[in-house]
Structures are given as structure tokens and as C-alpha cells.
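> Residue-level listing of the chains:
Number of protein chains: 2
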Amino acid sequence: MLALNSLMTRPMARAISGLVRAGELEAWSAERLLAIDVAVERYPPGAVIAAPNPGVLGLDILSLDAAAPGGRCAPNMKWLLDGWICEARALSDGQRQIFSFGVPGDVVELPSTPHSRVVVALTAITCVDAAELLARSADPDEMLEAMSRSTGLAVARRYEQLARLGRRSALVRLASQLVELHDRLAAVGMVRGEEFALPLRHEELADALGLSPVHVTRCLKTLRQRGLMVMKFRRVSGFKRAEMEQLCF
Amino acid sequence: MLALNSLMTRPMARAISGLVRAGELEAWSAERLLAIDVAVERYPPGAVIAAPNPGVLGLDILSLDAAAPGGRCAPNMKWLLDGWICEARALSDGQRQIFSFGVPGDVVELPSTPHSRVVVALTAITCVDAAELLARSADPDEMLEAMSRSTGLAVARRYEQLARLGRRSALVRLASQLVELHDRLAAVGMVRGEEFALPLRHEELADALGLSPVHVTRCLKTLRQRGLMVMKFRRVSGFKRAEMEQLCF
DNA sequence: CGGTCGTTTGAAGTGGTTCAAGCCTTGTGG
DNA sequence: CCACAAGGCTTGAACCACTTCAAACGACCG
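If you read the protein sequences in the order shown, they are chains D and F.
Here the first sequence stands for residues 757 to 1005, numbered as in the working numbering.
Here the second sequence stands for residues 757 to 1005, numbered as in the working numbering.
None of these hints come from the bench; they were simulated from the model.
The structure presented is a predicted model; accordingly, all values stated were derived computationally and were not measured.
Treat the hints loosely; a few may be bogus.
Taking CB as the label site, the calculated pair distances span [unchecked claim]:
| # | chain 1 | residue 1 | chain 2 | residue 2 | range |
| --- | --- | --- | --- | --- | --- |
| 1 | D | 847 | F | 973 | 23 to 29 Å |
| 2 | F | 850 | D | 803 | 41 to 47 Å |
| 3 | D | 795 | F | 945 | 47 to 53 Å |
| 4 | D | 795 | F | 879 | 39 to 45 Å |
| 5 | F | 916 | D | 957 | 52 to 58 Å |
Going by beta-carbon spacing under 10 Å, a handful of chain D positions derived as facing chain F [as the list claims (entries may be wrong)]:
| # | residue |
| --- | --- |
| 6 | 869 |
| 7 | 911 |
| 8 | 918 |
| 9 | 966 |
| 10 | 967 |
Beta carbons are placed, not taken as given, at the ideal position from N, Cα and C, and that holds for glycine.
Take these sequences, add in the hints, and give me the full structure.
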């Protein structure tokens, strides 16, 4: 991997190492990935990432290849190289529900039906189109499998999120969300010791956790007072993962 | 379809008509379905429906066929012919979160990792194994597509559920859940006018909606007083769908 | 007919929201 | 380099939605 690092841009290296660490790609295939010449897309914060192809009705995930007769394809998926995104829905009363966050290395399925769900860049991001990547890949099957493993993990996280919202107190919701993000960031090498970047405002956490921003502030204060973490200037420091997890039961 | 009805058992007919109405199977293929001789499984209320095959890590949905090299298979999926099931998780503090309900005609993916999620029969149920059905089907591709469409709808409902739990009041949560169930039951011909069977206790609704059973009682009372519906003796009557939906915004 | 399970209702408590003000950080222009 | 504005964070006080506890009632089942 040493030789690789000198060849790669940092975000690309991070994303690849993300897939590798999650066991989603064999280590040696990272080299092959680099050989692929694919256009890197850039979006500014706040940009809505829309699907290029009109999707098949209600099939977001499953269209992965079931929809392509006999074929391997990944319609409307992006591989996030750098930056944060979220999947969200704006509700009729002006509120917003954030369904999930996406961090570097994640594979994101863009919604086919436009207004059920929106993918928004929370920071400046760079990503590549999954279908393009597959088309140019020497071993598309392997890469497709890596990608579906990534989206499979996203599915599991969605169940986690349901349990959080339905049956957890505000403090536990926040703590478990932070543990999840910590672990995902750690998997792609974006945690150093007890510290990591977290470019989310209280409002985004609130919209994900079904709370008011004010109460997120208060819960963060509680965590701070208990010495479990400090969130300041878009960074988390002093993150005590073990105690944090214990708090969640 | 008339000729068919005389040949079929009622649950089978209902389930098939469910897939047909949802546009998941061409009408003419219902006949072919009946030709398949597949074992019907029965479970009593409370039974846990476990997966026969150890699953691939974290791949529940996506293993649909991505995991089968070059193949069409549907591991650990059941096609529910009759009765109600739910997907749930028991939390460490004794509480329960119900992720979703399954009604006749639904295709249910059983969890591969046992304790993340459990599928439980809420009533006596009958179902068939999807893989077996496929194996014996003359046109497995078409049937697989129908099934993935069904699970695709389940994915969409999961987003709906997230928004419900995160950003809706108790009354709206309940109303929107009831509208959803009404529509799903209507699609399989299980609604007659403003009436349908709903074999759920307040406790099950509470566990799905993240509320206390007592508060479900109160919300049902409110709906009753507003003349939107009556839920009694495991049946809903006087269900005013339009007003109900309007209440949800 | 009595026991059990589920529903209903009331009263009291609590966790989270809302509103409003002050503060701190960051960015901008003189 | 400072003044100022804007956006986000923080804190307090009042309020409300939902929970918890407890008791009574009703339906179903042996």
C-alpha cells in the first residue's frame, strides 16, 4: 500500500482504503482500482445530487441488478470519495427528516423517484459515478459485490436508526449516532486517537435524531459534563468510545 | 380469473391477486403459479420465522441475487399467503421496536444475522419458501422480479417509517400507519368498503410507532371522536381514508 | 362463572419543545 | 487592524405532549 499512496490523491486513497478495511475489496484490487480512469465529480455544499437516469419504480436498492436482465449494473449510485452527504426528506410542514449520513468511502444510491428522498451534499464533496466505474473496471463483478456490501451495511444502519427514533431517549439517540459515525470514520482512517472531524451543525443532528436543535445542544452539554466528548468547531475531541457505547446499553 | 378462483385455496388466491394488483405479476401468470406444487408452511401466532440458510454477512436484501454468482436465487425469503407478521427487535431494556408489519401477499426477507432483527408471526400464518417456489417455477426470472418489486416497496415504507418516528406527532403517526395498512390490505382485496380486519393489539401499534400503549388508546379515541374510524374487536370500521390522509398533511 | 388478557380512563410526573435573549465565532469592508 | 454583521451556539423560563402508575371495566375462554 505504500507505493499506492504516492500515486493516489488523498480522497481517493481514503475511499479505497475504506472499502478495503471494511473487507469489501481485496487489498490487491486497490491497485487495479487506481488504473481506472474515471471522471471525478465535484459538488458544493448544499448541492442536491440528482439521479442521471430515470429510475425504475420504487426499486432504488433492488434495481441494483435485478432490473438489468442478465446484467450487472449499478444505476444511479455514486461512490463518495470526500466530504459528507445526507439522505433527507422535506416534510409538508417545513420540517426535515434526515434518513442517514454518508461519509467518505460510502456508496450512495440516488433516489429514482425524485421527491421521496433527496441526497444533499453537506460539505463540498467529490464522488465518482458507480456505473461508469463499473463499466471501466476490469473486474466489475467483484466491484459490484463490494458496492452492494456497502449498501447492505446502509440497510442495517437504517434498522438501527428506526430503533433509535422509536425507543430511545434523546441522550441515547445522540450518543449512539455519534458512536456509529465514529466507527464509520475510523474504518476509513479518519479518526486520530479520540478526535475526528464532524462537519454537522446541531440542526443536522436534530433532524436526523428527531429532536430540536436546542435539545441537541443540551444533550451535547450533558455528554461534555460527563467527560465523554467535546464537540466544538466542527470537530469532536476527547471521544471516549467505550463509555459512550455503554451509555447506549 | 373466475376459473382460477374455483381451483385455488382462498389465501393463495388472495396472495396471488395481491401480486397481480400491485402490478408485480402479469395477470396470466397467476395460472402458472397455481401449477407449481410447493409446500405450504404453517406457523402459529408468536412463532419466530427463522432463516434456514446461514446468510451472507449484512446482506439481507442485496443478497437477493448479487451474492449468487451468475444466478437467480432468493435466499431466506418467504412469500406470506395468509396472516400477519412483523419484523422487530427486542432492546436491552426490555422494550421492543417493530420495524414493519407484513400482510398477506408480502414477500418477507428473513434476517441472516439472527439477533439484529426477528420475524414473528402475529397471527397464525401460512407461507411458502421463495427459493423453493423459484426453483419449481417455469419462469423464475419473472417471479424474482415480482418479488424484488415487493421488497422494494418494503424499502420505501421503511423510509416512510423513519419520517413518521422522527418528525410526526402521535396522532399523525397512528393515522398514517393506519392509512398505509389500509392501502396495502386494499391492494390484496382485504378491505370491504370502510371496513377491514386489523389483528393488532394497541401494544403492537405502540411498539411500531414508538409510543406507549396507553397513548395509542387515547389517539384511537381521538380518531373515533372525530368520526374517522372505529377500531374494535380486531376490526376497523367506518374508516374514512380521505379525511384520515388529510390529517397526516 | 371466575380468571385472564386487553382496553379504557384519570391523575401526576417528565422529557423534550418553544420562545427569547445573550454570546461567541467567522467573515466582510473600511 | 478594528467595526460590524450574520450565523450558529448556549442558556433560562414556560409550556405541552407523551409517559407512568393505578384502578376499573369489558370480552373471551376454559
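> Verify the interface restraint on residue 869 of chain D: the C-beta must sit less than 10 Å from at least one C-beta of chain F.
holds (8 Å)
> Starting from the hint 23 to 29 Å, judge whether the C-beta atoms of residue 847 of chain D and residue 973 of chain F obey it.
holds (26 Å)
> Do the numbers back the hint for residue 911 of chain D, that is, is its least Cβ distance to chain F under 10 Å?
With a minimum Cβ separation of about 6 Å from chain F (threshold 10 Å), the hint on residue 911 of chain D holds.
> Determine whether the Cβ-Cβ distance between residue 795 of chain D and residue 879 of chain F falls within the hinted range of 39 to 45 Å.
violated (53 Å)
> Can residue 918 of chain D be said to touch chain F, with a Cβ gap under 10 Å?
holds (5 Å)
> Mind checking the hinted window 41 to 47 Å against the Cβ distance between residue 850 of chain F and residue 803 of chain D?
holds (44 Å)
> Does residue 967 of chain D meet its interface restraint, that is, does its C-beta lie within less than 10 Å of any C-beta in chain F?
Holds, because the Cβ-Cβ distance from residue 967 of chain D to chain F comes to roughly 9 Å (cut-off 10 Å).
> Holds or violated: the 52 to 58 Å window for the beta-carbon distance between residue 916 of chain F and residue 957 of chain D?
violated (26 Å)
> Could you check if residue 966 of chain D really has its C-beta closer than 10 Å to a C-beta on chain F?
OK, holds: residue 966 of chain D within 10 Å of chain F, min 3 Å.
> Is 47 to 53 Å a correct range for the gap between the Cβ atoms of residue 795 of chain D and residue 945 of chain F?
Taking Cβ atoms as reference, residue 795 of chain D and residue 945 of chain F lie about 50 Å apart, which means the hint holds.
In summary, the numbered hints that this structure violates are 4, 5.
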